[in-house]
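Engineer: The lines below spell out each chain.
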Amino acid sequence: MCKLILRPIRDEKPDRSVRPAAPEENLPPVDMSVTLAGMTMKNPVVVASGTFGFGREYGQFYDLSELGGICAKGLTLHRREGNPGPRIAETPMGILNSVGLQNPGVDAFIETELPFLRQYDVKVIANISGNSPEEYGIMCEKLSEAGVDMIEVNISCPNVKAGGLAYGTRPELAAEVTEVAKAHAGKVPVMVKLSPNVTDITEIAKAVEGAGADAVSLINTLRGMRIDINTRRPILKMNTGGLSGPAVLPVAVRMVWEVSNAVKIPVLGMGGISKGEDAAQMMLAGATAVAVGTALFADPYAPLTVRDGLEKIAARQGLSAVSQLTGGVKPW
Amino acid sequence: MCKLILRPIRDEKPDRSVRPAAPEENLPPVDMSVTLAGMTMKNPVVVASGTFGFGREYGQFYDLSELGGICAKGLTLHRREGNPGPRIAETPMGILNSVGLQNPGVDAFIETELPFLRQYDVKVIANISGNSPEEYGIMCEKLSEAGVDMIEVNISCPNVKAGGLAYGTRPELAAEVTEVAKAHAGKVPVMVKLSPNVTDITEIAKAVEGAGADAVSLINTLRGMRIDINTRRPILKMNTGGLSGPAVLPVAVRMVWEVSNAVKIPVLGMGGISKGEDAAQMMLAGATAVAVGTALFADPYAPLTVRDGLEKIAARQGLSAVSQLTGGVKPW
Amino acid sequence: MKVERKCKILSKEWLNHDAVQLVLEVGDMVGESFRNPGQFVHVKCGEGLLLRRPISVCSCEENEQGDRLTLVFEVRGEGTEWLSERQVGDTLDVMGLLGNGFPVKPKGRYLLVGGGIGVPPMLGCARTNGGKSTAVLGYRSKDKAILVDEFQADCAKVLLATDDGSMGYHGFVDALVRQELTEDKNYDAVLACGPTPMLRNVAKVADEFGVPCLVSMEERMGCGVGACLVCVCDMKDGTRKHACKDGPVFDSKEVDWDV
Amino acid sequence: MKVERKCKILSKEWLNHDAVQLVLEVGDMVGESFRNPGQFVHVKCGEGLLLRRPISVCSCEENEQGDRLTLVFEVRGEGTEWLSERQVGDTLDVMGLLGNGFPVKPKGRYLLVGGGIGVPPMLGCARTNGGKSTAVLGYRSKDKAILVDEFQADCAKVLLATDDGSMGYHGFVDALVRQELTEDKNYDAVLACGPTPMLRNVAKVADEFGVPCLVSMEERMGCGVGACLVCVCDMKDGTRKHACKDGPVFDSKEVDWDV
Ligand SMILES: Cc1cc2nc3c(=O)[nH]c(=O)nc-3n(C[C@H](O)[C@H](O)[C@H](O)COP(=O)(O)OP(=O)(O)OC[C@H]3O[C@@H](n4cnc5c(N)ncnc54)[C@H](O)[C@@H]3O)c2cc1C
Ligand SMILES: Cc1cc2nc3c(=O)[nH]c(=O)nc-3n(C[C@H](O)[C@H](O)[C@H](O)COP(=O)(O)OP(=O)(O)OC[C@H]3O[C@@H](n4cnc5c(N)ncnc54)[C@H](O)[C@@H]3O)c2cc1C
Ligand SMILES: Cc1cc2nc3c(=O)[nH]c(=O)nc-3n(C[C@H](O)[C@H](O)[C@H](O)COP(=O)(O)O)c2cc1C
Ligand SMILES: Cc1cc2nc3c(=O)[nH]c(=O)nc-3n(C[C@H](O)[C@H](O)[C@H](O)COP(=O)(O)O)c2cc1C
Ligand code: FES
Ligand code: FES
Chain S
3 MCKLILRPIR DEKPDRSVRP AAPEENLPPV DMSVTLAGMT MKNPVVVASG
53 TFGFGREYGQ FYDLSELGGI CAKGLTLHRR EGNPGPRIAE TPMGILNSVG
103 LQNPGVDAFI ETELPFLRQY DVKVIANISG NSPEEYGIMC EKLSEAGVDM
153 IEVNISCPNV KAGGLAYGTR PELAAEVTEV AKAHAGKVPV MVKLSPNVTD
203 ITEIAKAVEG AGADAVSLIN TLRGMRIDIN TRRPILKMNT GGLSGPAVLP
253 VAVRMVWEVS NAVKIPVLGM GGISKGEDAA QMMLAGATAV AVGTALFADP
303 YAPLTVRDGL EKIAARQGLS AVSQLTGGVK PW
Chain R
3 MCKLILRPIR DEKPDRSVRP AAPEENLPPV DMSVTLAGMT MKNPVVVASG
53 TFGFGREYGQ FYDLSELGGI CAKGLTLHRR EGNPGPRIAE TPMGILNSVG
103 LQNPGVDAFI ETELPFLRQY DVKVIANISG NSPEEYGIMC EKLSEAGVDM
153 IEVNISCPNV KAGGLAYGTR PELAAEVTEV AKAHAGKVPV MVKLSPNVTD
203 ITEIAKAVEG AGADAVSLIN TLRGMRIDIN TRRPILKMNT GGLSGPAVLP
253 VAVRMVWEVS NAVKIPVLGM GGISKGEDAA QMMLAGATAV AVGTALFADP
303 YAPLTVRDGL EKIAARQGLS AVSQLTGGVK PW
Chain P
108 MKVERKCKIL SKEWLNHDAV QLVLEVGDMV GESFRNPGQF VHVKCGEGLL
158 LRRPISVCSC EENEQGDRLT LVFEVRGEGT EWLSERQVGD TLDVMGLLGN
208 GFPVKPKGRY LLVGGGIGVP PMLGCARTNG GKSTAVLGYR SKDKAILVDE
258 FQADCAKVLL ATDDGSMGYH GFVDALVRQE LTEDKNYDAV LACGPTPMLR
308 NVAKVADEFG VPCLVSMEER MGCGVGACLV CVCDMKDGTR KHACKDGPVF
358 DSKEVDWDV
Chain E
108 MKVERKCKIL SKEWLNHDAV QLVLEVGDMV GESFRNPGQF VHVKCGEGLL
158 LRRPISVCSC EENEQGDRLT LVFEVRGEGT EWLSERQVGD TLDVMGLLGN
208 GFPVKPKGRY LLVGGGIGVP PMLGCARTNG GKSTAVLGYR SKDKAILVDE
258 FQADCAKVLL ATDDGSMGYH GFVDALVRQE LTEDKNYDAV LACGPTPMLR
308 NVAKVADEFG VPCLVSMEER MGCGVGACLV CVCDMKDGTR KHACKDGPVF
358 DSKEVDWDV
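Chains as they are written, first to last, in my numbering: chain S, 3 to 334; chain R, 3 to 334; chain P, 108 to 366; chain E, 108 to 366.
If you're looking for bench data, these hints aren't it; they were derived computationally from the structure. Quantities reported herein were computed from a predicted structural model and do not represent experimental measurements. Honestly, I wouldn't trust all of these hints.
Derived, one-sided and incomplete: chain E residues facing chain P with beta-carbon distance under 10 Å [claimed, not checked]:
(1) Glu-154
(2) Gly-155
(3) Pro-319
The beta-carbon is built from N, C-alpha and C at its ideal position, and this holds for glycine as well.
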């Protein structure tokens, strides 16, 4: 024992002012593909609707084929100019927006934007909002004919007065919209996007599942407000807007966990994801794939950072496929 | 004109590497007192229930008489040990907690803690949670006899299974609890603390107003979750917990604005306040006074920073009394 | 294409209590994306703030050792406060150059109008025109005046105004613009940057004299590249354009000034 | 009373790839609030993180020119990462000294047990005992070993263990504790800091030999001062105590090891 104690501990005296190099990691490859309601993506990272336009802008910075999927900017039946500005306010680790679905209308999307997106090897998810179930139906018909990979039915936009929010907070209305969408979407899978501004999100999730939804996506934005204390005016011209970004991550993880325990259809998880760890949390909570939105504004490359981070996490955990994360949380 | 152009602009060449001194400000005094449901406080800054214990700890660092009021740690009829640990998780600009109302019971509070708090020139607000309307009633009776300045009826704690949350999400239950509390509180004003985890918070606010509440306080915490991606366990032993801190500020401001437009009783605003500007937003949105909670953990002096910041803002805006901020927002 | 770069601060100067001038080394940013003066960069201001801050390019140049960019900004809130605390040698995360600036022609003669922190981007315009332009610069007060020497070096004529009369003309720039155009309306265009009420008034004066007018609009931004649609600018034809991508410089006749 | 202080970093050393040793100048903090070794400080780790990070005092001293505090910590997540990037001369926002440490008597003789990043606080204990104590230190592997020279200087005897056998005994510290107590149980107490499973095992061994045992518990913290009740530690009697105020050091017999 004594000899052991007197053994010199450090064989050489290193420079203690710099951090010693980390041991090299030799990470095995991971199968990054996931299948969401029958739609297979090369990786689980999608960009969130409304934060990526129709891909043209960020497409200047990197190849859109790097992404798993693109949720296009929310479409309406007819062109909309959206809400007056200001449309954005910053909050602690979050933003409020009140864009109000500015978009060229579903026909212009099909004619101009879809062909552009089709140049890339990436799944295209159209996001739609309507003022009535009929409008949802018409849009689904057009989009399924045009051949998108999935339709995301937005029943939860807090930034438009008609329809939108009400559909997302009442199970029977949510179900009605889902049914009509399904009836007109043909073979294209329908994913319903849920609002977090509700007492019990599982009620709505179960209602849309019952109505035939192929998947659900969540969360849309939480309603919030910021006031300019000098002008005494809300910063947003619409007074309130939708909160997104890292601030909402814990609420989103909780809701994804609740919903994935309540329904059998797969979940696209989003809300505050900005790094691999966030995405891994969301998948462990039950998401099959994830979407990245607000994080783009801080870093245009955020979806790729999330993807690479996720791959590293999966590899370090010895997973052969990233899909092994989905639903893996072990509640106490 | 030409002469003007040729005039030297800077009379002296200052050192441009340091920031020139700001012009001196001579701020007029501001009346910082506010009256919340008949209870007058020397300033509008209260510390939030559950974040300040019974004042003993932070009382070592500054004089508790500096505060407007103290919402004591949530009490139950009988002593409770609360939930198992871990009880806290950090999230982007927020925290999740699942303390679960650990407290010595209402009698021990009255015997040991209230006399301690009474040494200070500060309003004492007792915060109570019950498993049944009757329990609320008994506690109110005891506390009103003991002579607290106000009773905050917590119908919104997301961290206890029985009662708590359900009362806060259903208008008729919220009203029932309020009625019983009022019936037993004697002359002590009753303030009901609302949950943000609801589709429409104004419904609950109107219900408790109708049932006789003297004030409402909001928001309690938003339910959230964080997962340790390596152990695959939720960080909190209770799986989910309540989100507080700057992250929730915009949601809190929105709800305070909605509620103060929906009811006539005064509002104690809280949720994410950590500086004077946050408090000013909350007051402009309609709050008569504000509470500071989570910010204490980053900075024990946060309530004093908020108070001083608020005073400066009021002075700069030329207000003679800080109460002139309340409800001053001008929506578009 | 690379849009985001780590840029080193080469120099930092305080121009007054609120205004800071930074010179950055920006790699090949200028060569890659310079179109005209009046473009902007989108700067990350610390880890605690989610959104980048748009700052106009004051002036820039290509350089073998790394392109140079001069920014001048005023401390207004948390982001610019953070930015003002950076030191020479620190690195900033900068996206740019973004947007469409003023389409100035080297042979053109312009009436450049800047108000307050709208002054800096006009310097870039002045410098592409070989000293032919006239500048009308307005400030709150004399001690807020910035870059006056620089404009005097690069313009044929510089007219100054302050809101409180502590330097130059006592009043707003639109009065000086009117005076100048009355004397001489032989300008290719009026180019203006500053607070919206100022822009509206300048646009009106230019319109009266039949001189084309281009204005740089300040809108709150998210992505900075045209994807998120938050930086909305109302047009006369009822459409809503986006300052970051369609602007920030717009033809004053297309802008709906009545919102 | 002052609890929060801006403290300057006087020196910084990397002890291995993950562990950093900082010496801070802490004003009159030690004089004001030192009770015994094993207390901790609560350190703000940048603007982006809300919660402070609890770090045990490794050693400290009063000093006319400003008290000194040595901290040793391992980079685990965002907060400690940020902390490890600070440089000599930078200022930290530190609350302390907090909690109740090990009630060591200068004349006592203790068996000090440290595991991994639980090793540093035991050094403070060693130093109050004039070299009379024995230390049992366990590490993941040889290259993770820290502070061994320091313990050898301040203890009568130092026993080492590594999980992988790359240095000293191949196995866990509780085996060495058992070996030592078998040879010599003339200790006033076993004092231990490290991961909970290690503490549980060491407590069991000490109990078998009838030697009192005190353990330092690691719990996630909020306020750090006893107000928020999050840092809960389950006691055998069914109550829940709080690491920051009632601890972090508890009598091992009072702790409920079965949760
Ligand atoms: C195209 C363009 C060019 C600009 N060029 C300059 C320049 O060269 N020099 C300069 O000093 N300022 C310039 N500004 C204004 C500058 O962007 C704001 O002063 C700055 O964003 C304020 O940030 P803050 O964090 O200090 O203020 P805060 O009020 O704390 O900012 C909160 C949020 O509001 C946004 N915001 C606040 N004020 C403005 C504003 N006036 N315009 C746009 N967004 C705002 C911020 O970007 C941030 O997202 C420009 C703005 C635009 C749109
Ligand atoms: C009383 C006490 C003394 C300690 N002394 C030391 C020490 O001397 N040296 C040292 O290296 N470490 C020590 N720790 C552990 C240290 O506090 C954590 O490693 C550190 O908080 C991790 O922070 P992070 O941001 O790097 O990790 P993250 O995982 O990013 O932290 C997220 C949150 O969890 C908390 N957390 C994470 N791990 C722990 C943990 N093990 N214990 C408590 N909270 C945790 C963090 O404080 C933070 O609030 C001590 C802990 C306690 C309770
Ligand atoms: C500027 C902006 C515009 C948005 N527009 C839409 C939209 O058109 N349709 C939709 O379903 N969601 C929209 N959203 C919500 C996002 O798709 C996403 O659900 C939300 O932002 C949460 O994710 P994040 O935190 O990663 O941004 C928008 C969000 C932002 C920030
Ligand atoms: C650790 C902790 C414990 C809490 N305990 C209670 C409680 O006992 N009763 C209660 O009504 N609210 C409790 N709350 C909620 C706060 O009073 C407050 O409503 C919430 O934290 C929002 O404010 P903040 O963001 O300033 O912390 C607690 C919050 C925290 C963080
Ligand atoms: S800032 Fe995103 S479109 Fe202009
Ligand atoms: S950390 Fe708040 S009581 Fe211990």
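Engineer: It remains to establish, for every hint, whether it holds in the given structure.
Structural biologist: Hint-by-hint comparison with the structure:
1. Glu-154: Nearest chain P Cβ about 4 Å off; hint holds.
2. Gly-155: holds (4 Å)
3. Pro-319: Check failed: Cβ of Pro-319/E comes no nearer than 46 Å to chain P, outside 10 Å.
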